[in-house]
Amino acid sequence: MTASTSDPIVRMERVNKHFGDLHVLKDIELAVKPGEVVVVIGASGSGKSTLIRCINGLEEFQQGHIEVDGNELVPDGKSSKALQRIRTEVGMVFQQFNLFPHLSVLDNVTLAPMKVRGWNRADATETAERLLDRVGISDQASKYPSQLSGGQQQRVALARALAMEPRLMLFDEPTSALDPEMIGEVLDAMRELAREGMTMIIVTHEMGFAREVADRVIFIHRGEIVEEGTPKQVFDSPGNERTQSFLSRVLKH
Amino acid sequence: MEVTFQFDWAAAFRSIPHLLPGIPWTLLISFGGLAIGFFIGIFFGLLRISPIRWLRWPAILYIEVFRGTPILVQVLFIFYGLPQLLGGPINALTAGIAAIAVNSGAYISEVVRGGVQSIERGQREAGLSLGLSRSQAFRYIIWPQAFRRMIPPLGNQGIISIKDTSLFSVIGVGELVRQGQIYIATTFTALEVYFMVALMYLAITWSLSIALRMLERKGLVGQ
Ligand SMILES: Nc1ncnc2c1ncn2[C@@H]1O[C@H](COP(=O)(O)OP(=O)(O)OP(=O)(O)O)[C@@H](O)[C@H]1O
Ligand SMILES: [Mg+2]
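In order, the protein sequence lines correspond to chains Z and S.
Residue 66 in the numbering used here sits at position 66 of the first sequence; the count goes up by one each step and never skips.
Residue 159 in the numbering used here sits at position 159 of the second sequence; the count goes up by one each step and never skips.
Do not rely on the hints blindly, as some may be mistaken.
Pulled a few chain S residues facing chain Z out of the computed Cβ check, cut under 7 Å [stated by the list, open to error]:
| hint | residue |
| --- | --- |
| 1 | E125 |
| 2 | A126 |
| 3 | S129 |
| 4 | I141 |
| 5 | P144 |
| 6 | Q145 |
Listed below are the simulated DSSO-like cross-link pairs for lysine-lysine, each with C-alpha atoms no more than 27 Å apart in a straight line [unchecked claim]:
| hint | chain 1 | residue 1 | chain 2 | residue 2 |
| --- | --- | --- | --- | --- |
| 7 | Z | K143 | Z | K81 |
| 8 | Z | K33 | Z | K252 |
| 9 | S | K218 | Z | K115 |
| 10 | Z | K252 | Z | K232 |
| 11 | Z | K143 | S | K218 |
| 12 | Z | K232 | Z | K26 |
Just so you know, the hints here were simulated from the structure itself, not pulled from any lab data.
Ideal placement from N, C-alpha and C gives every residue a C-beta, glycine not left out.
Required output: the full structure, derived from the provided sequences and hints.
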């Protein structure tokens with residue numbers, strides 16, 4: 001392994017973010033190495049979404065700096081060139097799927113490769129079909145998102161992000177909007193992605209899944225990273241009492 | 001003395017050939033004006049939601065002025081008032097089309113704004129997260145969805161503008177009402193003629209409604 005491949009693909013240094021008076025992220029320090037799977041946990045409103053949305057510039061931050069795959073984001077969104085490159089290399093899966101309802105499943109997946117990467121339709125379609133097959137929905141390619149179940153929609157959203165051949169995937173509670181019986185199929189697809197070596201940052205409340213796939217778990221409380229370690233460390237012997245009380249609450253049900 | 005109100009069907013039918021020449025004028029003014037108004041509406045509607053504040057206020061000013069004044073006053077202003085500024089007459093057809101254009105443009109601006117703003121924030125974010133530029137996200141993701149939602153209110157505005165052209169008899173343009181007035185002046189059959197005029201408006205607006213319903217149904221695929 002060369003030095004450059006083990007360099008962090010994401011590096012956040014003293015990142016601070018405010019929404020008006022609300023200090024949402026406080027001195028965030030985070031480095032993620034290629035191939036690493038990092039799970040972010042924490043109570044509602046603690047800043048988990050904001051944290052990962054800063055990485056692909058969906059949120060601006062006010063202090064500190066973020067580097068993604070060699071591209072540097074500076075405070076207050078003044079880095080549009082780098083931002084564009086980052087978004088091309090970083091995929092994101094949202095809680096509400098956010099599929100494009102006016103496009104077929106296939107067109108959802110081919111849009112960005114064609115418009116951003118400049119692929120022709122044949123190449124984009126071939127890649128899309130391969131990815132849809134991989135997430136188990138190859139037979140639904142000509143349908144529209146509204147004709148699919150939630151679990152199927154989320155798997156399409158995953159295929160859509162993967163079609164850009166990202167170096168890093170961000171997941172913001174990918175199973176929270178799903179009926180319980182569909183959570184498994186989405187987690188399975190993510191598990192496989194992790195096994196293939198994709199670098200992933202995942203916000204989730206699925207603690208069993210986190211324990212299984214995470215290389216590292218980060219607990220965030222009121223905008224601060226208060227605990228960080230292997231799943232074993234964080235789940236079995238949390239050092240911070242905030243973590244203990246959070247875990248005792250979520251693991252009860 | 002006995003007064004009888006008799007609807008004279010024969011007189012009504014006799015008026016038809018005298019009214020028909022008004023229809024092309026009505027259609028030309030309304031659809032010509034609406035076509036221009038559509039582009040005005042897109043322009044000011046998008047300006048209205050620009051992230052840059054000083055671009056928003058000319059749009060607000062335009063919308064408030066042309067929504068807040070009667071279209072009759074607007075057309076009188078254009079036909080009688082503007083020539084004094086321009087130093088030459090404006091023909092009635094041009095004035096009529098211009099009045100529909102600026103008036104419907106103000107309402108369509110609001111339709112465009114509402115349509116674009118109704119698209120969930122997550123749609124844009126999904127586009128940006130895939131690496132699309134802001135303008136690509138607008139063109140391929142937001143606008144196609146917004147446009148579908150705009151069809152019913154646009155149809156509404158179309159029907160209103162068609163009916164508004166009836167006011168333009170005051171500037172002497174030969175649309176439906178004007179043709180009716182000319183015919184009544186010689187036949188004194190106001191009841192029958194205005195009834196037929198009303199039917200003709202209804203035929204136009206109804207056709208438009210049906211066409212729009214078909215368009216909407218087509219647009220609903222995949223929503
Ligand atoms: N656009 C915004 N404007 C103002 N405040 C915001 C905005 N977005 C988020 N916040 C606030 O920032 C804080 C962190 O929000 P964030 O969405 O990151 O939390 P979260 O940990 O993802 O919560 P959840 O588990 O509910 O998704 C919350 O208090 C939230 O109310
Ligand atoms: Mg969240």
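query: Which of the listed hints are broken here?
result: 7 and 8
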